[in-house]
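Colleague: So the chains spell out like this:
Protein chains: 2
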Amino acid sequence: MNFQCNQQDLSYGIQHVQKAVSNRNTLPVLLGIKLVAFEDTLTLSATDLELAVECTVKATVQENGEIVLPAKYFVDMIHNLPHGPVVFQLDPDSLQVKISSGKAEFNLHGISPDEFPTLTYIEEEEYSTIPSEVLSKSIKQTSFALSNDESRPVFTGLLLEWTEERFRVVATDGYRLAVKSHSFNFRPDFPDVVVPGKTMTELLRILSNRKEEQIKMAIQGNQIYFRLSDTLVVSRLIEGSYPQYQQIIPQEKSITVELDRENFLHTLERVGVITKEGPNVIKLHITDKEKLVITANSPEIGDTYDEMTISPQKKDMEIAFNSKYLKDALKAIPTEKIHFSFIEELKPATMTPVGEEDYIYVVLPIRLAK
Amino acid sequence: MNFQCNQQDLSYGIQHVQKAVSNRNTLPVLLGIKLVAFEDTLTLSATDLELAVECTVKATVQENGEIVLPAKYFVDMIHNLPHGPVVFQLDPDSLQVKISSGKAEFNLHGISPDEFPTLTYIEEEEYSTIPSEVLSKSIKQTSFALSNDESRPVFTGLLLEWTEERFRVVATDGYRLAVKSHSFNFRPDFPDVVVPGKTMTELLRILSNRKEEQIKMAIQGNQIYFRLSDTLVVSRLIEGSYPQYQQIIPQEKSITVELDRENFLHTLERVGVITKEGPNVIKLHITDKEKLVITANSPEIGDTYDEMTISPQKKDMEIAFNSKYLKDALKAIPTEKIHFSFIEELKPATMTPVGEEDYIYVVLPIRLAK
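As they're listed, the protein sequences go chains A and B.
No gaps in the numbering here: position 42 of the first sequence is 42 in my numbering, and each next residue is one more.
No gaps in the numbering here: position 182 of the second sequence is 182 in my numbering, and each next residue is one more.
Since the hints were derived computationally from the structure, they do not count as laboratory data.
Identical chains blur together in the list; that is why a pair holds if it fits in one copy or across any two.
Below, a list of computed lysine to aspartate or glutamate pairs in the DMTMM-like style, where the Cα atoms sit at most 20 Å apart:
no.	residue 1	residue 2
1	Lys98	Glu300
2	Lys98	Asp303
3	Lys253	Glu290
4	Lys72	Glu115
5	Lys137	Asp192
6	Lys324	Asp173
7	Lys337	Glu262
8	Lys327	Glu262
9	Lys103	Glu262
10	Lys291	Glu262
11	Lys72	Glu277
12	Lys98	Glu269
13	Lys198	Glu150
14	Lys72	Asp303
15	Lys283	Glu300
16	Lys103	Glu258
17	Lys98	Glu307
18	Lys283	Glu105
19	Lys253	Asp358
No experiment lies behind these values; they were computed from the predicted model shown.
Just chain A, with the same shape it has in the complex:
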């Protein structure tokens, strides 16, 4: 292997694959980034066995070849090099790679690529095209509601659901639920799948750093494929049946208030100061006096009070929430106003963006000790 690649292109490639490098100390080869020099390209790839990312950049290749380099050192090394050409030369006997840029020279011990897991590429016709905006928006507006609790795997993933003329992305941790829908002109023959949260947030990160209008997507066996012009993201799917989330979405509501999203968020942040180290409980009191009263209290610290003006309501209601669950959704909703709807004190409430009816957030209230 002998090739030359620009520092900027190397950085770009690294930035794409870096997060897929395993951070557990199982197989040494998984702590590395695989480099494949072939014809006029360099392909960098990394995987933690759940998520695999590969990114191809242009290179001037004298001799094709491949090697795995320890990510921890390779990444820092490239970031510390000045812009300009970087030359890689592999000694196939010692697996040592000589990397040079100007007068600077590095000799890194490489790892044999034989043990590096290989990706199964799939046929072009398996892919369907989806606007990347649709995916980005869906991930942004739902993924915060995921669980990190590995004991209930399906809650750690996003459900991608393909129904009649609709594509839906769903996240829940059992206490709250976020659903984003999109209308589509086509329906690919995809099964409903649950994709690990890490895969989706990594995909979001990659998409946010580039302008790419369309992204190709395929599902095969236990894997999902996302293909961008120069990057391939492949992830295993989460097995197990997803909860019947439709049943959780309230079909009725007795009170709906319209609130300025940013104002409500700031008020929650202010009022919540006092319970930030505790259970984070805030109480909402909807009054017939055109006021939404927000309060919190902590026996040791004190109590807080604030209010917002709302349209006249026919009845009073007092309901309590984990304020984090409200703030997370308010941060993810992009519209200026939201509708916050309630049935009664202990039943799930819903939040929707005003003007974007394709999103719903359901949140369970907290039962207060009387």
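Chain A is already provided as a structure; the job is to place chain B on it using the hints.
Modeller: For chain B alone, kept in the frame of chain A given last:
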């Protein structure tokens, strides 16, 4: 106590005193910020018994008074309030403080100020004036060389030394030494003192956020006082005798190379990638071929090489350093070029900024296993 103060002024005051709040859980009152409303001012203060900071801002006071509020909640509360007036009302029986801004209202349990340590103020004539630039520069260029090892207290402080027509600030951790000198037209009648590193870096932080040309300084008993227009910083001094640092500064040198500071720093960062998780050793090789060769190696990872052009040298030398010790100094030196001087392989080397002869950095080399 009953007063009104602007949110911006409260934030300004908090920003000054906040870092002096104790972060150990000893005396509850030390986890608080003391508020004293008196005439047309509000004075905020905090102390961890080593460092005390107080800052005075303007306020509209209806009734004088004082209270201590838990910093953790008070600080967040003020930062989350919108700009504008904030009203404080103390209920002297319950020690509850009602804080209101617009419709937002907080009731915080206060702590009696009786247990809050009182500062001893000193007479105006005890103070001498020093340009704040002199102090800032001295702290920036020396404090990185301090030790954090509490078992050798004097190494955790900066020595302030008043000699004939000179003010010197010195830091050492036993492996390296930084000395910054300033010429002065006056010599206040100050003893040499060792001031805790935390005090000095906190003073630097306060100075860097404001434009204040002169600062008043006094030493009395076991304490040092720094007085700004609206802020007073008081700190205990560190007892114990400071090492005879003059003896460590080499009086001879056999080789001096002139280097571009930034280039040298980047080269060290690049070459050091490979030993970043180990002992951080880099080797310098000064050759008669007008080259400074910089290398590092790690048996597990590989090795690195770089070189810089230097003026012709009469002899060769190989010397090794902890690269962090070189990088710290290069980051603190403000000039474009530096002089790096050596005696021999195992003797201390010195670094000085070219064009600023009032600064010297001494660093011990590392003995390599042969």
